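Q: Numbered per the UniProt record's numbering, the sequence shown spans residues 1 to 552.
Everything labelled a hint here was simulated from the structure, so no lab data went into it. Please read all numbers here as calculations on a predicted model, not as lab measurements. Among these hints, one or two may not hold up.
Once the Cα atoms are required to be at most 20 Å apart in a straight line, the calculated SDA-like pairs of lysine to any residue come out as [said to hold, decoys possible]:
1. 446 with 394
2. 266 with 325
3. 270 with 252
4. 29 with 47
5. 182 with 149
6. 6 with 149
7. 532 with 252
8. 446 with 412
9. 296 with 325
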Amino acid sequence: MFRENKSHLQTELFNTTTLMHPRTIAQLKKSWAPIYYEHVFCRIDEKKFAHLYCENNGSPNKPVNILLSLEFIKHLYDYTDEQLLEQYYFNYQIAYALGQRNLGELYICERTLYDFRRRLYEYTIQHPEEEDLIFQQFQGLLEHFLAITKIKTNEQRMDSTAIMPNIKRAGRLSLAFDVLKKGVAACPQELLPEKLQKVLEPAFKTEVLYRSRSQDVQARLEKIVELQEELLALTSNLPEIQAKPEIKLVQRFIDEQTTYDPEQKKRIVKENKDIRPDSLQSAYDQDATFRKKGNKEQVGYVCNLTETCSEENDVQFITDYVLEKNTKADVEMAAERLPKIKERTGVTDLYTDGGYYGEDLHRKAEAELNVKMHYTNLTGRQPEAGKIPLTAFKIENRQKVLACPQQQTPTHTFYDEAKRKITAWFDPQICRECPLHEQCPVKIQKKKALLQFNQSALLAAETRQEMADSQCRRENTSKRAAIEGTVSAIKRGHGAQKLTVRGQIKSALVMGFKCIAHNFQQLKNWFHIKRKEAREISVKPKISLPGVGVPI
């Protein structure tokens, strides 16, 4: 049964804090604990979590603001659950931050933490149309942080980073074995023939995985696939067993990793190059996908982060995050998140790398959202050296060609709105006599000189021209670069290098905890800066008085 925690609003007359030495109390007031209590703990909206509990039955829940705060603190300092509870039991700063003025006021065990996480996970699965509760809490705290710090949000930067869940990088043979073993373990043993029962024996794993030479891998893989097919055939007439996730996983593996050969009348293992990136990568995390970016291969997810970047800000806050399968492109994530970021923060300038460049995103940002996109570089094919760029032509509204670089006006021009293609015809005789005709993109034919290009090519040319300005490029690079430090802080400081959970939903919830923890760390830094400024103002410079000498 849900019940709000308001006991912290009225403390006991005599408690640990009141019994402290005044100087000790002063040190406590300077620590992070009062900041957390006032600006995080008291700002947690517990009512949003009421749906996790029964309305009118059962024992009252453990305080949601305490359970959430323990999760935030866990990721703030990258604690394990054991370390977290030890700190909660015996660290007075943590107790103070959680509204407790005496150590040991409320007992919380590991099981309580696990149960709260389970409720969060199940609610998120049951309500996929809603933003998860942790993201809602992230938004609420961010609004409060921005309000008290007066941080400007008109300029922001965006970047993505690979996130590895708690899985191993498995080869195809190891993956096939894991899938088979899970499927066999899910079936009643009395229904299985002897050769399938042996799959669960340690000797089978040793023989298949650790005594295989490189030339034997293909044959071993085919053997495991045959056992998987036999398992599926055995369970085909047993609907209850066939509906189990472990059996469905076997079917998925066969569908993705093999193809049926009608001549041999059996399934053939696909070549590595024919396996799709979104195919199964781990028997223990069905959401994880494969991605190769540059020379780096990664299995798991990608987290897209957005944060403020105005030079006038004392600190910068993360304003948005999203975790997706790593097969999703940066430009797709930006296109989905930018309207929401604009609505919440009023961003007007967004700094990104070239991976976020796309015609649709660029047009949507500038035309619909009034957001100026700034890039540090552009990916894709570079324009030919020595060729006249499209920006040298005079073009109206990116639709109508008015003149060429030599001020020749076209005989007529046309814009195909459906294909977003611009076409212009020039006098071929004038073009042949033009001194720039060899560098010009206009194609000279017998009866006409044709210029034809897509709007996307014009957008790319305009962006490249803007980046050609060294000062503009330096500014774009400077403002975007610091988000690499934010990514590093979250991955190394808050433990996102490799998560301790599996699955996209659980990983997204954990990344939410880490982003909230990072923003609180920035809030701490802001208070530290303001205290330092206040001390500098309060310390008056020594002024020598006229007529007063130094005693000898």
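Q: Do the alpha carbons of residue 270 and residue 252 lie within 20 Å of each other, as the hint requires?
A: holds, 14 Å
Q: Is the Cα-Cα distance between residue 446 and residue 412 20 Å or less?
A: The hint holds at about 17 Å.
Q: For the pair supplied as a hint, residue 6 and residue 149, confirm whether the alpha-carbon distance does not exceed 20 Å.
A: violated, 26 Å
Q: Holds or violated: residue 182 and residue 149, Cα atoms, limit 20 Å.
A: violated, 52 Å
Q: Is the hinted pair residue 446 and residue 394 satisfied, with a Cα-Cα distance of at most 20 Å?
A: With Cα atoms ~24 Å apart, residue 446 and residue 394 exceed 20 Å; violated.
Q: Given the proposed pairing of residue 296 with residue 325, does the C-alpha separation stay at or below 20 Å?
A: holds, 16 Å
Q: For residue 532 and residue 252, compute the direct alpha-carbon distance and say whether it is at most 20 Å.
A: violated, 60 Å
Q: Hinted pair, alpha-carbon criterion (20 Å max): residue 266, residue 325. Please report holds or violated.
A: violated, 32 Å
Q: Take a quick look at whether residue 29 and residue 47 sit within 20 Å of each other, Cα to Cα.
A: violated, 29 Å
Checked against the numbered hints listed earlier, the structure breaks hints 1, 2, 4, 5, 6, 7; every other hint is satisfied.
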